[in-house]
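Student: Using the hints, position chain B against chain A.
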Amino acid sequence: MTPALLARRQQAQVIVIFPIAILMLLGMAAMAIDGGRLFLGRQELQKAAEAAALDGALSAALSDPQHPDPASHSGVVEQAVTDSLARNLGVANTICRSVAVDRPIKYPPETLDGTNANGVYVRISCSPQLTAAAMIPGVAGMTLGADAEAVLGSKDSAGKFQPYQFDPTSPYPRVLPPPAA
Amino acid sequence: MSFEAAIRRQTRLGQRSRGQALVEFGVIAVSLVLVIGAGIDLGLMVTARQSVSAATGEAARQAAYGVPPARVIQAAQKATTGTLANPSGLRVAVNYCNSSGTCHAYCDVGFLDTDPMKPQPSCPTPAATQDPGANAGDLVTVTLLEEKYEILTPIIRAWAASPIAHDDLCQRGDQPCYMRLTTSETVVYPGAAPSRP
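Those protein sequence lines, which keep their order, are chains A and B.
Under my numbering, the first residue of the first sequence is numbered 1, with each subsequent residue one higher.
Under my numbering, the first residue of the second sequence is numbered 1001, with each subsequent residue one higher.
Calculated directly from the structure, the hints in this document are not laboratory data.
Hints are not guaranteed to be accurate.
Claimed, not checked - Pairs of lysine to aspartate or glutamate, DMTMM-like flavour, derived with a Cα cap of 25 Å: (1) B:1078 x B:1147; (2) A:106 x A:64; (3) B:1148 x B:1058; (4) B:1148 x B:1168; (5) A:106 x B:1058; (6) B:1078 x A:64.
Remember, it's a predicted structure, so these values are computed and weren't measured experimentally.
Okay, chain A solo, but in the shape it has when bound:
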């Protein structure tokens, strides 16, 4: 075969290489964008879950300051969690097709420093909207999840956990200072 023939036979090579390269480049760019969206969505979900758990725990205390026990006020807590998520999902709303809260919301008893405390555990999950990454096996049906727990308590000045002690004389669930040592 002469060199002239060889050169002519290579002339159309670029027509094949170019679309393949473009597809690969676009695919990689789309996957990078998808990855960024998943990362962002996960962070926003976590922030929303933490706020929802806090609001859920507080709502129980606000509805019944004398008995601030989330487990006994499940309806109030669930409503507070739903309202809080509606306020705080932010960017996650544009990344997720749908956001679901695991129900029933759990009220795990915790023993902290020998004292029983009662908290709210919220777990939320979302189905993200993906473009190129959806073509990867196993990624298409993935869900993003976040969970958070809020226990009615705070740390005292010595850094020791102190469950909330509600002031029975106050109309609000005010936290009393820790007992003097």
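Tutor: Okay, now just chain B, sitting in the frame of chain A:
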């Protein structure tokens, strides 16, 4: 054409296309560096936004404990220290609203009247232990506005200055190109926490 003549022609062609690779490489390298730079710039911007978002969460958590607004603002400022967010461009607003829509807003000293996220009509800087004037059950919204995140690379600058992004901080020719990063979080205010001994 004889075989020898074809070889000579190919050799001439090869000599004439020697500089072609250099020119092509120059064009591709510039584009590639621009695109890689834009990717890095975008990644840094997302990281800075995450820092601002995490600081908002921390400040909101403090607000949900019932601490005074001045301490909520401090918590936000402390949480952004050492991150990619520029402390000199950070603005914090804490807004307490009751169910009838009456609000009390507090801002840090950095807020300007022209800042788009500044609560209106008034937003004083709170004293250290000032009570927010809100009741238990009110909603408290913590908003962080980082308005001095600087964009460095030409592609992202062009995007920020375009009508798509509509970033007015990037359209002043004599200043660096800044991007606004804003996040907010709303929690329930539990009533003022008593001061600890």
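Student: Hint by hint, say whether it matches the structure.
Tutor: Outcome of the hint check:
| no. | hint | result |
| --- | --- | --- |
| 1 | B:1078 x B:1147 | holds (17 Å) |
| 2 | A:106 x A:64 | holds (19 Å) |
| 3 | B:1148 x B:1058 | holds (21 Å) |
| 4 | B:1148 x B:1168 | holds (12 Å) |
| 5 | A:106 x B:1058 | holds (23 Å) |
| 6 | B:1078 x A:64 | violated (34 Å) |
Going through the hint list in order, the structure does not satisfy hint 6, though it satisfies all others.
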